[in-house]
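2 protein chains.
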Amino acid sequence: MASKPKATETPASRRRNGRETRSASPKKREQEIIDAAAEIFHRQGYSDTSVQNVADAVGILKGSLYYYIDSKDDLLYRVLLEVHDAAHTILEEVTAMDELSPLEKLDAYVRRHVEYNTRNLTKIAVYYHDYKLLAPERRAEIRRQRKLYEDFVVGLIGEAQQRGEIAADLDPAVLSYCLFGALNSVYTWYRPGGKVSPTQLADTLARFVIAGVRTD
Amino acid sequence: MASKPKATETPASRRRNGRETRSASPKKREQEIIDAAAEIFHRQGYSDTSVQNVADAVGILKGSLYYYIDSKDDLLYRVLLEVHDAAHTILEEVTAMDELSPLEKLDAYVRRHVEYNTRNLTKIAVYYHDYKLLAPERRAEIRRQRKLYEDFVVGLIGEAQQRGEIAADLDPAVLSYCLFGALNSVYTWYRPGGKVSPTQLADTLARFVIAGVRTD
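Residue numbers (this note's numbering), protein chains in the order written: chain A, -7 to 208; chain B, -7 to 208.
Any given hint could turn out to be false.
Claimed, not checked - If you only want the chain A side, here are some residues facing chain B, beta carbon under 10 Å, derived:
#1 Asn45
#2 Gln137
#3 Arg138
#4 Leu140
#5 Val166
#6 Tyr169
#7 Trp181
#8 Pro184
#9 Pro190
#10 Thr191
#11 Val201
#12 Gly204
#13 Thr207
What the hints contain is simulated information worked out from the structure, not anything from laboratory work.
For glycine and all other residues, C-beta sits at the position ideal for the given N, C-alpha and C.
Please put together the full structure from these sequences, using the hints given.
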């Protein structure tokens, strides 16, 4: 993601670029803060976490933390924006794969989505557990961003239906919910370091989901 | 389920039968109490619900409620036991279908599971949101009961693998998690009364899941 092209500028990348004009170190420190916040929210719950807890975990003064964030809500929002930045990057990568059919794009999307989720279990758990605790406007923004990739998947299903690759009698939205149900429950049961690697899991889920939606 | 054979006696059916020796009315009242508890837990949250709230909803004195239950924890446990009683009945029905192949049994299981969940959205939501709030021993009992039907599905997948109907290189447990991910997220997005009926949804999910696990 360090080599993300400037053309795909997002609110978070603009924020990062703003920081970068000062020095490389604040950007690294900001990432440490987001990572620490995710860990602590996950371990002891968002409600039971204070900004002081996060400052202690990073080893900086609470006052210094406020150079990077404005509030605890801000910390949570940054964690969730990072997840959406990654989702956005995946979406752009897959959209750019002009040579692929809609089902092949869906396959590529599922693999990337599952690999990201299995390699970022803590942030994904915080995302699903705590996004409802955000302040209303930010919660609405997260919902809006989530809808972008839900619409992307529904769009691919619709295109595949037009080509006769997915049965036309199935509701694209319902199929997308089936698909996301399988994908987004991964963080609840997957444990890293076991016999199934993130790549193997991504492969199993892609096979499951693509075979599941495809017409026989 | 009213015609459930006596041979399939469960702890809850024994409890109900015990009540039945008094009169039919207490059994009906007990069901009203469980239904009301599920509604209120769902609407205002388990933590913010009192036994008095449930008594008020049913229109009986709190003292009378204690004829049926011992505590708020007991109310939650009864809701979850009802869900597991239904799951157990489905499991027995499908197990008895000797003429079906493992994949056909899995198909029958998915249809019944989804139909039950879509027709009992409130209780299913309480089941997933609140089972962690049960007292430890009861939580362990719910986990044990849940494992029964997870093992049932893993068993069917294993049998289908032996017959070459599911790819042998896939981990049966991982496949079962994919399947349950799709099935058990239904309550989070399905809204009754829309254009997709519970039976249509069960059909879509069965087609999705069976095609998803089946070898091409």
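Problem - When the least beta-carbon distance from Leu140 (chain A) to chain B is tested against 10 Å, hint result - result: 17 Å, violated
Exercise for the section: For the hint on Gln137 (chain A), just tell me whether its beta-carbon gets within less than 10 Å of chain B. Expected result: 18 Å, violated
Handout entry: Restraint satisfaction for Pro190 (chain A) [CB to CB of chain B, less than 10 Å]
Key = Hint on Pro190 (chain A): violated, closest Cβ of chain B at ~12 Å, above 10 Å.
Handout entry: Restraint satisfaction for Pro184 (chain A) [CB to CB of chain B, less than 10 Å]
Key = Where the cut-off is 10 Å and the nearest Cβ of chain B is about 14 Å from Pro184 (chain A), the hint is violated.
Exercise for the section: Under 10 Å, Cβ to Cβ, is where Thr207 (chain A) needs to be relative to chain B, so tell me if that hint holds or is violated. Expected result: Hint holds; Thr207 (chain A) Cβ to chain B Cβ min 9 Å, cut 10 Å.
Handout entry: Minimum beta-carbon distance criterion (10 Å), Gly204 (chain A) to chain B
Key = OK, holds: Gly204 (chain A) within 10 Å of chain B, min 3 Å.
Exercise for the section: Double-check Val166 (chain A) for me: the hint is only fine if its C-beta lies closer than 10 Å to a C-beta in chain B. Expected result: It holds, given that the least Cβ distance between Val166 (chain A) and chain B is near 6 Å, below 10 Å.
Exercise for the section: With chain B as the partner, please determine if Asn45 (chain A) meets the hint condition of a C-beta pair closer than 10 Å. Expected result: At 23 Å from the nearest chain B Cβ, Asn45 (chain A) fails the 10 Å test, so the hint is violated.
Handout entry: Interface hint outcome for Trp181 (chain A) [beta carbon to chain B under 10 Å]
Key = 5 Å, holds
Practice task
Tell me if Arg138 (chain A) is really an interface residue toward chain B, meaning its C-beta lies closer than 10 Å to one of theirs.
Solution key: Violated - the Cβ of Arg138 (chain A) stays beyond 10 Å from chain B, reaching only about 12 Å at its closest.
Exercise for the section: Against chain B, run the beta carbon of Val201 (chain A) and see if the smallest gap drops under 10 Å. Expected result: 7 Å, holds
Exercise for the section: Please verify that hint: Thr191 (chain A), Cβ, nearest Cβ of chain B, below 10 Å or not. Expected result: 13 Å, violated
When each numbered hint is compared with the structure, violations occur for hints 1, 2, 3, 4, 8, 9, 10.
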